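In case you want the letters, here they are:
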Amino acid sequence: ILNVEQSPQSLHVQEGDSTNFTCSFPSSNFYALHWYRWETAKSPEALFVMTLNGDEKKKGRISATLNTKEGYSYLYIKGSQPEDSATYLCALNMDSNYQLIWGAGTKLIIKP
Amino acid sequence: SAVISQKPSRDICQRGTSLTIQCQVDSQVTMMFWYRQQPGQSLTLIATANQGSEATYESGFVIDKFPISRPNLTFSTLTVSNMSPEDSSIYLCSVNRAQETQYFGPGTRLLVL
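First to last, the protein sequences are chains A and B.
Quick note on numbering: my numbering labels position 34 of the first sequence as 501, and the sequence is numbered without any gaps.
Quick note on numbering: my numbering labels position 16 of the second sequence as 22, and the sequence is numbered without any gaps.
It is worth saying that the hints were derived from the structure and are not from the lab.
Quick caveat: nothing in here was measured; it's all calculated off a predicted structure.
Not one of these hints is a red herring.
What follows is a list of derived Cβ distance ranges for each label pair: (1) B:Thr50 x A:Thr518: 17 to 27 Å; (2) B:Gln47 x A:Pro579: 28 to 38 Å; (3) B:Gln20 x A:Pro475: 30 to 40 Å; (4) A:His479 x B:Pro14: 24 to 34 Å; (5) A:Ser485 x B:Pro77: 43 to 53 Å; (6) B:Ser87 x A:Asn496: 33 to 43 Å; (7) B:Ser11 x A:Gln548: 21 to 31 Å; (8) A:Ser474 x B:Pro45: 13 to 23 Å; (9) A:Leu519 x B:Arg103: 18 to 28 Å; (10) B:Pro45 x A:Asn534: 28 to 38 Å; (11) A:Asn487 x B:Asn56: 37 to 47 Å; (12) B:Leu119 x A:Gly521: 47 to 57 Å.
Beta carbons are placed, not taken as given, at the ideal position from N, Cα and C, and that holds for glycine.
Based on the sequences and whatever the hints tell you, model everything.
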């Protein structure tokens with residue numbers, strides 16, 4: 468059984484602080500790793516897709532890194548803002564087809 | 007990207023009844039996907055809906071419980087049949103684009119009493 472694990476399950480962060488959380492996955496048969504943000508009452512929104520070991524992607528205050536050899540990805544948020552409150556999901560592609568294996572998500576709550 | 011709408015956005019249903027969820031995409035797509043997320047769980051793929059053929063169901067999901075229609079390249083429905091409280095979930099449809107990135111509808115929040 469293939470598992471994509473995310474930690475922590477939930478996280479409370481003070482506004483203005485930086486934070487990060489983890490996605491762990493089996494390192495064999497890796498094709499791509501996706502990060503999504505899911506705000507309440509909205510659609511999950513694609514943030515990043517990463518394919519190469521050592522990849523680093525950035526979108527505004529949010530960035531992500533990838534280590535395919537050890538099977539983990541970190542998502543970083545710099546200077547958290549209330550609008551960053553959401554559940555952050557990672558998903559693994561093991562080959563080029565559409566199948567994604569999802570983590571359970573990290574629920575981020577930004578305290579003003 | 008893709009613009010995807012779902013109806014209804016939420017519903018409260020009695021056990022034993024059925025609910026049909028609609029998914030509309032703003033452009034033609036080959037494959038549409040139906041997911042659910044039960045409380046505290048990962049997104050789980052229910053089935054892939056292909057236009058012109060039977061849907062492909064994942065392990066643990068059957069057509070009698072989750073019948074799917076795909077009458078054209080922009081529309082699909084998922085029916086949750088003979089509902090029980092365990093079917094209370096968020097149901098999402100999605101389509102994929104470049105690099106297998108999937109774009110999601112806003113979801114249908116279902117509560118079964």
